[in-house]
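S.K.: Reassemble the complex: the two chains are provided individually, in unrelated frames, and hints are given to aid placement.
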Amino acid sequence: MAEGQVIDGIYFNEVIEDAGLDEGTKKLTPEKIERVINDVLKGETGARLKTYVDTCIHCGLCSNACHYYLSRDKDPTYSPAGKVKQTMWEMIKKKGRVSPTFMKRASQIASTQCCVCMRCAMYCPFGIDIAYIMSVVRRICHLLGITPLYIQDTAHSHAVTMNQMWVKNDEWPDTLQWQEDEAREEIPTTRIPLEKEGADIMYSVIGPEPKFLAQLLYQAAIIFEVAGLSWTMPATPGWDNSDMAMYTMDSEIMGRVKRVHFETARRLRVKKIVMGECGHAFRSVYDRGNRWLGWKMHPFYIEHAIEFYYNLLKSGKIKIAKKYEEPVTLHDPCNVMRGRGLYEMARYVVSEMCADFRDMQPNREHNYCCCAGGGVINCGPPYKMTRMLGNRVKAEQIAATGAKVVIAPCHNCHSGLEDIVSHYKLGTHVKFISDILYEVMEKPGAV
Amino acid sequence: MIDINSWDWDTGEKLVADTGGWKDKFEWVEEFQAGPDGEKVAAIVKSGEGEFSVCVNGEPWENTFDKIWHLRFGPDGRLTCIVQTEMEWTVAVDGQTWENTFGYVMEVKFSEDGKNICAFIQQDGQYGAATNGEPWENLYSDMTVFAITPDGQHTAGAVRPEPLGEGEIFKFQDGCYTVAVDGKAWDKKFVNVWHMTFSPDGKKLAVEARSNLYDYTIVVDGVSWSESFPCVWEPIFNPKTGAIVAPVRTAGEWTLAQDGKIMWDRFFVQCWHQMFSPDASKLAAIVAPKYGRWTVAVDGRPWGTTFGDMVTDAVFSPDGTRIAAVGKEDYDWSVIVNDTVWPDTYDVVWRPVFSPDSQNIAIKVEKDGLQTILMNGRPWKRECEAVWDPVFSPDGSKMLVRSIENGKYHRRILPITEITG
Numbered sequence: 001m002a003e004g005q006v007i008d009g010i011y012f013n014e015v016i017e018d019a020g021l022d023e024g025t026k027k028l029t030p031e032k033i034e035r036v037i038n039d040v041l042k043g044e045t046g047a048r049l050k051t052y053v054d055t056c057i058h059c060g061l062c063s064n065a066c067h068y069y070l071s072r073d074k075d076p077t078y079s080p081a082g083k084v085k086q087t088m089w090e091m092i093k094k095k096g097r098v099s100p101t102f103m104k105r106a107s108q109i110a111s112t113q114c115c116v117c118m119r120c121a122m123y124c125p126f127g128i129d130i131a132y133i134m135s136v137v138r139r140i141c142h143l144l145g146i147t148p149l150y151i152q153d154t155a156h157s158h159a160v161t162m163n164q165m166w167v168k169n170d171e172w173p174d175t176l177q178w179q180e181d182e183a184r185e186e187i188p189t190t191r192i193p194l195e196k197e198g199a200d201i202m203y204s205v206i207g208p209e210p211k212f213l214a215q216l217l218y219q220a221a222i223i224f225e226v227a228g229l230s231w232t233m234p235a236t237p238g239w240d241n242s243d244m245a246m247y248t249m250d251s252e253i254m255g256r257v258k259r260v261h262f263e264t265a266r267r268l269r270v271k272k273i274v275m276g277e278c279g280h281a282f283r284s285v286y287d288r289g290n291r292w293l294g295w296k297m298h299p300f301y302i303e304h305a306i307e308f309y310y311n312l313l314k315s316g317k318i319k320i321a322k323k324y325e326e327p328v329t330l331h332d333p334c335n336v337m338r339g340r341g342l343y344e345m346a347r348y349v350v351s352e353m354c355a356d357f358r359d360m361q362p363n364r365e366h367n368y369c370c371c372a373g374g375g376v377i378n379c380g381p382p383y384k385m386t387r388m389l390g391n392r393v394k395a396e397q398i399a400a401t402g403a404k405v406v407i408a409p410c411h412n413c414h415s416g417l418e419d420i421v422s423h424y425k426l427g428t429h430v431k432f433i434s435d436i437l438y439e440v441m442e443k444p445g446a447v
Numbered sequence: 001m002i003d004i005n006s007w008d009w010d011t012g013e014k015l016v017a018d019t020g021g022w023k024d025k026f027e028w029v030e031e032f033q034a035g036p037d038g039e040k041v042a043a044i045v046k047s048g049e050g051e052f053s054v055c056v057n058g059e060p061w062e063n064t065f066d067k068i069w070h071l072r073f074g075p076d077g078r079l080t081c082i083v084q085t086e087m088e089w090t091v092a093v094d095g096q097t098w099e100n101t102f103g104y105v106m107e108v109k110f111s112e113d114g115k116n117i118c119a120f121i122q123q124d125g126q127y128g129a130a131t132n133g134e135p136w137e138n139l140y141s142d143m144t145v146f147a148i149t150p151d152g153q154h155t156a157g158a159v160r161p162e163p164l165g166e167g168e169i170f171k172f173q174d175g176c177y178t179v180a181v182d183g184k185a186w187d188k189k190f191v192n193v194w195h196m197t198f199s200p201d202g203k204k205l206a207v208e209a210r211s212n213l214y215d216y217t218i219v220v221d222g223v224s225w226s227e228s229f230p231c232v233w234e235p236i237f238n239p240k241t242g243a244i245v246a247p248v249r250t251a252g253e254w255t256l257a258q259d260g261k262i263m264w265d266r267f268f269v270q271c272w273h274q275m276f277s278p279d280a281s282k283l284a285a286i287v288a289p290k291y292g293r294w295t296v297a298v299d300g301r302p303w304g305t306t307f308g309d310m311v312t313d314a315v316f317s318p319d320g321t322r323i324a325a326v327g328k329e330d331y332d333w334s335v336i337v338n339d340t341v342w343p344d345t346y347d348v349v350w351r352p353v354f355s356p357d358s359q360n361i362a363i364k365v366e367k368d369g370l371q372t373i374l375m376n377g378r379p380w381k382r383e384c385e386a387v388w389d390p391v392f393s394p395d396g397s398k399m400l401v402r403s404i405e406n407g408k409y410h411r412r413i414l415p416i417t418e419i420t421g
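Residue numbers (my numbering), protein chains in the order written: chain Z, 1 to 447; chain L, 1 to 421.
Heads up, a few of these hints could be off.
To be verified - Taking CB as the label site, the calculated pair distances span:
(1) L:Arg382 / Z:His429: 52 to 60 Å
(2) L:Asp94 / Z:Lys404: 56 to 64 Å
(3) Z:Tyr301 / L:Asp66: 34 to 42 Å
(4) Z:Tyr123 / L:Pro239: 55 to 63 Å
(5) L:Asp94 / Z:Gly43: 52 to 60 Å
(6) L:Lys240 / Z:Glu34: 44 to 52 Å
(7) Z:Lys322 / L:Lys25: 32 to 40 Å
(8) Z:Asp22 / L:Asn238: 45 to 53 Å
(9) Z:Gly43 / L:Glu166: 30 to 38 Å
Note that these hints are calculated values from the structure, not bench results. C-beta: ideal position from N, C-alpha, C; glycine also.
Here chain L stands alone, though its shape is the one from the complex (with noise of 0.2 Å):
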C-alpha cells in the first residue's frame, strides 16, 4: 500500500495547471486524469500530424507516438498508458517505454504499492502477460480473463492452449480452457474459466469455471469444489481464514457458499458483489431480495430500503461497522448508508471512501454536468467541470480535492468542517 503520510497535508490550494490553455498549444487534448497525491494532472494530447503525446502538469513528454490511450497514473504516482510506434505496441511509464514491445497490449494492472506493473499482451497471435515489460515464456493461443496477486509478483489469466477450430463444438464441449499463472497452465482443463481472484497473499488463485455445459464450480489451484451448481458468480477469499466464498444457484435462487456448501440460510432472486468486513466478521453481498430490488445484505439479511435499478460498489468501513453504498432508482442515483437514503438524487455517483476513522464519508458525484464532492450528505460550495475520487488524510481531519474548474487544476487541502460545518 502506499503511505500518503509523505504527501503534502499542509498547503491549502495549489493552483497545478491552466489546462484550459492546453488546447491552445495542441490540436486536441483528451481526457485530463489527475495523479493519487494530487500534484499532476495530464492528458494524452495531439502534438502534431499523426503525432500523439502526454502533456503533464502543462508541459509534454519529449516522446511521441502513432498511437495513445488508456492513460492511468498507477497508485505510486508515476502515469502509464500504451503507446504505439511502427506498427508496434509497448507501455510507457513517465515517457519511457519499455524496452520489449508486443504486438498489441490490452489491459494494464497495478500492484497495491504500484512497484509492479503488468500488462495483457499479444504478440505474434499468443497471448499472455508482462511484468514490467517481461513477458511470460509461454504465451497461449487465446487469453480471456487477466488477473494479478496484489502486490504484482504473480499474473495469470484464463488460457486455451491448443487450438479451436471454427464449429468444433464437441472439442469444445470436452474442455479446452484452464488457467496459467505466470506463464504455466494447470494440467485440468474446463469448457469455460471465467473471474479468477488470488489470495490477499498472492499464493491461491480461485477461479470460477464450468466443468460441462451445465455445471458450474469454483476452482482453487486447479481442484474443483466437490460441489457443482447451475450457476456461479466471481469467488473472494476469507482474508483471516482463507476460505472461499462465491454465490451459487440453486434452485433457481442464489445465495453465498464457502468451500462448496451453503452458508447463508436466505436465498434471493439474485446475489453478487460479495466482501468481508476488513476484519472479516461479517460477510455483505448486494442482493436482490425480490424481484426488481436491489440493496445490500449482511451476513444474510437485507437491508429494508431496496432499489429498482441497482446498487453498486457497496463499501465497508475500516471499523466494519457501517456499509456505504450506491443506489439507483429511476436512473437517478443516491447514497444509502447502512439502510439510510441520504437525501439528494444525482445524475451519477461515484465509489464511497471512508474517513480512517470510520466517521466520515466522501463520494464524487455529478449533477447537471457538474462535479462535486459529497461528505455525509452536504455537498462541496464548489461545482466543478471535473473532480477526482476524495482521500483522506491519515488523521481523516482533512481531505485532498482535485479538481477542475474554468480550466484550472486545483489541489486543495480541506479541513473536513469545510464541508460538514
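Bound-form chain Z, shown alone (with noise of 0.2 Å):
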C-alpha cells in the first residue's frame, strides 16, 4: 500500500491494487456515471440525503468520533465529513458529472475508509447519519460495477448460496452432524435438531462457523444441551444470517438472502430466531434486510446471542461453575450495542462468567469500531493495512485496561481485533463469550 498520490487529479490517501476496483474502472464511460448517480439520487434516495446534505454546516464535528481520523493523526481525508466531501459533495455538485478515477476513490473510501459504524452520527450536532451517505456512495458504485474483489465474491456466495462463504448444500448438515458427533463425546446427549418443525427457537449463525470456526457450533449444542431449549437448525439455505450483500449494497440480493432467512423460521414455525455473535448479521436482520422487504421490524422476535445469554444466566439456566480468572475487557460491537442497546446485558454477561472485567475507554455506545465491520474486514487482504494504521486507538484501547483477553461477541470484530492485537503486539487473546461461557458453565451429564 503506497500513501498520499494524485492520479489523474484525484488525490488518493492509500494506493491499493484490487482488480474489482481497477477492472470496474475500466469500463466506466461519463456518460454511464452521470446516468447511474443521478438515478440513484433521484430514485433511492429522497428527502433523507437531501435533509442531510442541506443540513451539514461542515463544523468537523464528526471527525473527533471517527477511528480513521483519529489513527491517522487527524488526516482531514479521513474525517466522516472529509470523506463525504471526496465522495457525495462532489456528486451532488457536479450533478453526477465526476471522472472514473474519482469513482475508483469513491468506492475505495466508502468501502473500506468507512466501517458504517455510526459513532459520528452520536456527535454530529444534528445527527446526519454519514454512514447512510457511505451506503449510498457503496449503491453508486455497486451499480457501476466497482466494489472491491473480496466483498464483491462474497455478494456472490450470498447470490448463489444464500451464505457467506460458498458452503455448498450438502456441507451445512454434515458439519452440524460432525460437530453432533464431537459434543456427544463430551455429552452424551447431546443433539443438534435438524429440520425441527415446532422448536421454540430457531438457531442461525454465519457462514465462518461451519467453514473455519466449527467448535462454535459445537459450543453452542452444549449450551443449548445443558439449558434444555426446544431448538432446531435448518437444513435448508436460511441457515446463514449475514448479509454481505447489505455492505456491497446490492440490496436486491440482501433482500433475498434474508427474505430466505424468515421464510424458514415461518417454514419452521418457530417462536423465535436466537443469532449468534455476529454483529453485521444482527444489522441486516433486525434493521436493513428486514425494511428493504417491507417490515418495519422483523417477523419473528429476533434476539441476539448476548440477549440469548443474559436470560439464560438470569433465570439459572446456565449456571456457572467457577469463574474466568484471567483479566478481560469487552469490546463493544457497534450493530449491537449502539445499534440495539444491549451493552449491559453484556456487561451482566461477562461480569457473571469473568473474576477480573476491566471495561474499556470509552465504552458502551462510545465505544470506537474494531475497524472490520461495515464489510471493510471483507474487502480482503488488499485492506489489511488500511485497517491496521486505521485503528490504533482501539489497540490504545486495548492496552489500557491490561486485560489478557478481549471478549468480542461478533465476528468481524473478533476477527478484526485479532488482527490488531497481532499487528500492535498487545499480547492479548481475542474469545467470542461462547468460548467462555462454555469453559466456565457447569454441564451436567458431562462424560
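M.R.: If you want it as C-alpha cells, here you go:
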C-alpha cells in the first residue's frame, strides 16, 4: 500500500491494487457514471439524503468520532465530513459529472475507509447519519460495477448459496452432524436437531462458523443441551443470517438472503430466532434487510446471542461453575451496542462469567469500532494495513485495560481485533462470549 | 393424488401406540412423525452405542444405521429417512435402503401420489438428483436448488457445469449457472438461477434468474422473458392457460406480471406467494399495501385487515370463493378468512385446511406449549402434546385427527360437529 498520490488529478490517501476496482473502473464511461448517480439520487434517496446534505454546516465535529481520523493523526481526508466531501458532495455538486478515477476513489473510501459504524452520527449536532451517505455511495458503486473484489465475491456467494462462504448444500448439515458427534463425546445426549418443526427457537449463525469455526457450533450445541431448550437448525439454505450484500449495497440480493432466512423460520414454525455472536448479521436481519423487504421490524422476535446468554444466566438455565480468572475486557460491537443497546446485558454476562472485568474507555455506545465491520475486513488482504493503521486508537484502548483477553461478541470484530492485537503486539487473546461461557459453565451430564 | 376413500373413516378412536413408553426402550426418542392416514406413528431412536433406528408403532426397524435424519412419511404412507452406514449416505424407505449410496443426501421430495421419491444428492463432490435411488447420468460441480414435477417423473436443479475459482468475480458475472432437467443442462447460462417451478403437467419449467448483476427475469425452458426487472420472485403457472405469473419489482414497488407484462393495476411495498384459485379464475397474493403492513390481495385488491409481522400460508377453498390465511401481529398468530379475523390468538398457527365442500376450515394451533385443532374458530376440547394437520373425509362430514396426549398416540375420526357444535 502506497500513501498519498495524485492520480488523474484525484488525490488518493492510499493507493491499493484491487482488481474489483481497477477492472471495473476501466469499463466506466462518463455517461454511465452520470446516469447511475442521478438515477440513484432521484430514484432511491429522496428527502433523507437531501436533508443530510442541506443540513450539514461543515463544522467537523464528526471528525473526532472516527477511529480512522484519530488513528491517522487527524488527516482530514479520513474525517467523516472529509469522506463525504470526497464522494457525495462532489457527485451532487457536479450533477454526476465526475470521472472514473473519482469514482474509483469514492468506492475505496466508502467501502474501506468507513465502517458505517455510526459513531459519528452521535457526535454530529444534527445527528446526520454519514454511514447512510457512505452506503448511498456504495450503492452507486455497486450499480457501476466498482466494488472491491473480495467483498464482491462474498456477495456472489450470498446470491448463489444464501450463505457468506460458498458453503454447499451438503456441507452445512454434514458439519452440524460432525459437531453433534464431537459434542456427544462430552455430553452423550447432545443433539443438534435439524429441521425440527415447531421448535421454540431457530438458531442461526454466519457462514464462517461451518467453514472455519466449527467449534462454535459445538459450543452452541452444549449450551442449548444444558439449558434444556427446544431448538432447531435448518438443513436448508436460510441457516446463515449474515449478509455482505448489505454492505456492497446489492440491496436486491440482501433482501433475497433475508427473505430466505425469515421464510425458513416461518416454515419451521419457530417462535423466535436466536442469532450467534455476529453484529452485521444482526443489523441485516434487525434493521436493513427486513426493511428493504417491507417490514418495519421483523416477523419473528430476533434475539442476539448477548441477550440469549443474558436470559440463560438470569433464569439459571445456565449456571457458572467457576469464574474465568484472567483479566478480560469487552469490545462493544457497533451493530448490537449502538444499534440495539445490548451493552448492559453484555456487561452482566461478562461479570457473571469472569472474575476480573476491566471496561475499555470509552465504552458502550461510545466505544470505538473494530475497523473490520461494515464489510471492511471482507474487502480482503489488500486492505489489511488500511485497517491496522486506521485503528491505532483501538489498540491503545485495549492496551490501557491491561486485560489478557478481549471478549468480542461479533465475528467481524473478533477477526479484526485479532489482527489489531497481532499488529500492535498487545499480547492479548480475543474470544467470543461462548468460548468463555462454554469453559466456565456447569455441564450436568458431561462424561 | 392419494385416494383417501380407502382410509378407515369409521373407527372413532384408536390408540395406536404408547409413545411415552418408547423412552424406556431406547436411549432417546427424537421427534414423532404421524402417517398421513394416522395409522402409524414413528420416530428416530437411539437403539445402541452409535446405532440408530426408526421405531414405528412401538417396533423398531430391523436395520440400524450410524446416522439418521429427516424422517418423513410420504403421501402414500411409506416412511422415509436419510441414513448413513459406513460413511455412505442413502435413503431408507420403510426400512429398506436404496441400492445406490451417495456422498451425501441433502433433501427428499415426494411426487403427489408418493410413488416417486426424489433426492438431492452429492457423489464424489458432484451434485444432482436421484429418483427412487437412480442418480442422474450427469452430475455437476455445484447445484443449489432442487425441484420435481408433480408426478415425480422429472427432477431439476440450478447447476454450475464448470468449476468457479475463489475470487473469480468477472467469470461469475459472465454467467456460470444454468438449469439441469433430468441431468441435462440448458445451453444458456445465467449469473444466478433460483426458484424453479414445473407446470402442472410437468412439461415446462419456469425459473427466476439474474442475467447480470442488475437484471432479473423469468426463464421458461431456457428462454428468458423479453422483459427484465430490478427484482423478481418465484413464478407459478396458470393451471388452465399455462401462462406464467411472477411478482416483479419496478420503480421500487412490487406487482404481478404475466408472461413479462404487468397484469395488476396496483403496486405494493411487497408482493409474493401468489396463487391461482383451483379454477384459475382468481389470482391472489400476499402483499404489503403500505410499509410494514401485510394482507392478502385478490385480483390486485387488498383486504382491509392488515398485520404487522406477516401474513402467510394463504389457501384458496376448493370452490375458489374463500381464502384462509395466517396472520401475525406482535408475535401473536391468528387466522383470517376472507378479511375476517378469528377471535383468538395463538403462539403458532399452521396452514389452514379446507373441507372438500369449502364450508369448514380446520387448523393446527399451539398455545402455552399445548396443541389442538381449531375449526371455524372454535377449538377442539382436547389440548395435546402434539397434533398433526387435520384431514377432512371425502364427504367433509368427518375429520381425521392425529394426536399425542399423555404419552399416547391416538387416531381419531371426529364428526365435525364435535368441534363446530
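S.K.: Please go over all the hints and tell whether each is borne out by the structure.
M.R.: Each hint tested on the structure:
Evaluation of the 52 to 60 Å hint for Arg382 of chain L and His429 of chain Z yields a pass: the beta carbon distance comes to about 55 Å. Here the CB-CB span from Asp94 of chain L to Lys404 of chain Z is close to 58 Å, well matched to the stated 56 to 64 Å. Range check, Tyr301 of chain Z to Asp66 of chain L: about 37 Å between beta-carbon atoms, so the 34 to 42 Å window is met. Checked against the given bound of 55 to 63 Å, the beta carbons of Tyr123 of chain Z and Pro239 of chain L, roughly 59 Å apart, stay inside it.
Between Asp94 of chain L and Gly43 of chain Z the CB atoms are about 57 Å apart, so this pair conforms to the stated range of 52 to 60 Å. At about 48 Å, the CB distance of Lys240 of chain L to Glu34 of chain Z agrees with the hint of 44 to 52 Å. For the pair Lys322 of chain Z and Lys25 of chain L, the supplied restraint of 32 to 40 Å holds, since their beta-carbon distance comes to about 38 Å. Taken as a hint, the range 45 to 53 Å holds for the pair Asp22 of chain Z and Asn238 of chain L, whose Cβ atoms sit roughly 48 Å apart.
Distance hint for Gly43 of chain Z and Glu166 of chain L: a CB-CB separation of about 34 Å, consistent with the stated range 30 to 38 Å.
Hint violations for this structure: none, all hints satisfied.
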